[in-house]
Amino acid sequence: MALSWLDEPTVEALRVGLRKVAPELAASTIVTRGLEAGDDPQWSGASAVVDGRVVVKFAWAEPPARRICREARLVEALRAVTPGLPLPVVVVASRDPAMLVTRRVAAIPFFDVRRLIAPADREIAARDIATVLAGLHDPRVLAAVGPLPSPAPPASTEILRSRLGAFLRPDQWEQMAAWCDWADRVLASPGRTVLVHGDFHGDNHLWDAASRRLSLVVDWETAGPGEPEFDLRCLPGDCGIELFLATVVHYERLSGTTLNVDRIMAWHLRTVLGDALWRAEAGVSLPDHRTPPEWVDDLNGRFAALGTFGWGERPAHPTPGFQ
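Just so we're aligned: 255 in the UniProt record's numbering is position 255 of the sequence shown, and the numbers increase by one with no gaps anywhere.
Certain hints may be false.
As a list, the in silico EDC-like pairs of lysine to aspartate or glutamate whose alpha-carbon atoms are at most 20 Å apart [stated by the list, open to error]:
no., residue 1, residue 2
1, K20, E8
2, K20, D96
3, K20, D7
4, K20, E62
5, K20, D51
Taking CB as the label site, the calculated pair distances span [claimed, not checked]:
no., residue 1, residue 2, range
6, G301, D181, 17 to 27 Å
7, T291, A27, 14 to 24 Å
8, V249, P139, 17 to 27 Å
9, P119, A210, 10 to 20 Å
Hints are computed from structural coordinates only; laboratory data are not their basis.
We treat Cβ as the ideally placed atom computed from N, Cα and C, and that holds for glycine.
Using the sequences and the hints given, assemble the complete structure.
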């Protein structure tokens, strides 16, 4: 079947597509998210809650249309291979136009539930996250789902060194450059290869607010081969160091494999600084409405907490990290 996409980013265009894909939904209430026209066709896609009971992903350009179709195929393949994963339930998937309709779940993003996770809840929350990632990273899963492109890596250290300094305090540039040198050494050799989600941040794992348990993992568009540490790279910032390290412990117990926390932190460094860079250059607010220098200060605190650096130090030659 030919691949197509919506003519424009409007609710009416979405209704036209729904009349073809799921006609019973076409006249329903539609609440959109991310429905904004832009110059880059890579990001010409959005989602909507329709009739309060399903989530529809759709596109108005070819690149996101292909990602939607890829996600639909992958979710169905994963459901067959790893039935224990908390995956979206596909109601209908289409190539003409590209559209993925999944059942809506009464759950909220981790970012909205993390303040509710008390110290007494930490081990359960860590085990929930570790169970999802360890199950996904089983080598048999990648072999079963077949060839996929790898997720795009975060900004390179070369780009960070050359462009991020303009947005930092003068005293932070040397520290940032030292971190980049350290990350280059840590990631110089490749890690093992598994299937990774590719974008496992706090908006993409949804939780039940009452029980504080993980309910659903969404947005599988960029899943593909990568190293396990790449999938944990958002956890130090999203979860805090204590929950992050508890997750590492549970992951290793469940998977029978060892994670390299230095590699996680190297990917974390590149992800955080890369996000700060593109947002600063584009004039887009950082997600927490803070500044790149404040994010660098946060990174310093995380490294210090792990023992990668001493508290408040900015060494020219970073030392090996958490063991």
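Outcome of range test on Cβ distance (T291, A27; 14 to 24 Å): violated, 45 Å
Agreement of K20 and D7 with the hint, judged by alpha carbon distance not exceeding 20 Å: holds, 14 Å
Status of the given 17 to 27 Å range, CB of D181 versus CB of G301: holds, 20 Å
Hint consistency between K20 and D96 [alpha-carbon to alpha-carbon, up to 20 Å]: Roughly 8 Å between the alpha carbons, so the hint for K20 and D96 holds.
Restraint check for K20 with D51, where alpha carbons must lie at most 20 Å apart: holds, 17 Å
Consistency of beta-carbon spacing, A210 to P119, with hint 10 to 20 Å: Holds - the Cβ-Cβ distance for P119 and A210, about 18 Å, lies within 10 to 20 Å.
Hint consistency between K20 and E62 [alpha-carbon to alpha-carbon, up to 20 Å]: holds, 18 Å
17 to 27 Å as the expected CB spacing between P139 and V249, which holds or is violated: Holds - the Cβ-Cβ distance for V249 and P139, about 21 Å, lies within 17 to 27 Å.
Holds or violated: K20 to E8, with C-alpha atoms at most 20 Å apart: Holds, at roughly 16 Å.
The structure shown violates just one earlier hint, number 7.
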